[in-house]
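Student: Sequence:
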Amino acid sequence: MARSQEPQMTSPYLDRPLLPLAVALPRTLTEIETALATAGPVEARRLRQRAQLILDLLTPQRQSPIPS
Numbered sequence: 001m002a003r004s005q006e007p008q009m010t011s012p013y014l015d016r017p018l019l020p021l022a023v024a025l026p027r028t029l030t031e032i033e034t035a036l037a038t039a040g041p042v043e044a045r046r047l048r049q050r051a052q053l054i055l056d057l058l059t060p061q062r063q064s065p066i067p068s
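Numbering (our numbering), first residue to last: 1 to 68.
Source of the hints: derived by calculation from the structure; they are not laboratory data. There could be a bad hint or two in this list.
[Said to hold, decoys possible] FRET-style restraints, in silico, Cβ to Cβ:
1. R46 / L18: 48 to 54 Å
2. Q5 / E31: 26 to 32 Å
3. E43 / A22: 22 to 28 Å
4. Q5 / P26: 41 to 47 Å
5. G40 / Q61: 30 to 36 Å
6. E43 / T10: 41 to 47 Å
7. Q5 / T30: 40 to 46 Å
8. A37 / P7: 39 to 45 Å
9. P26 / R62: 17 to 23 Å
10. L58 / D15: 33 to 39 Å
11. Q49 / L18: 21 to 27 Å
12. P60 / L36: 46 to 52 Å
13. P7 / L55: 38 to 44 Å
Ideal Cβ positions, reconstructed from N, Cα and C, are used throughout, including at glycine.
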């Protein structure tokens, strides 16, 4: 198949500009907090776990006081 006849791959994600994690993660956390207001128990548990993961990623890691 010639290159011009290959199917074109499209994705809404490819059309979006890339954001640094320092910008994207707080936005995602805000979306999760909004979704928690109307989530059922199972969905709320999943959203809380996701929020905790994002908070962990946003929190700087402490250096161990004991050198390795």
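Student: For which of the previously enumerated hints does the structure constitute a violation, in increasing order of number?
Tutor: Hint check: 1, 2, 6, 10 and 12 fail, others pass.
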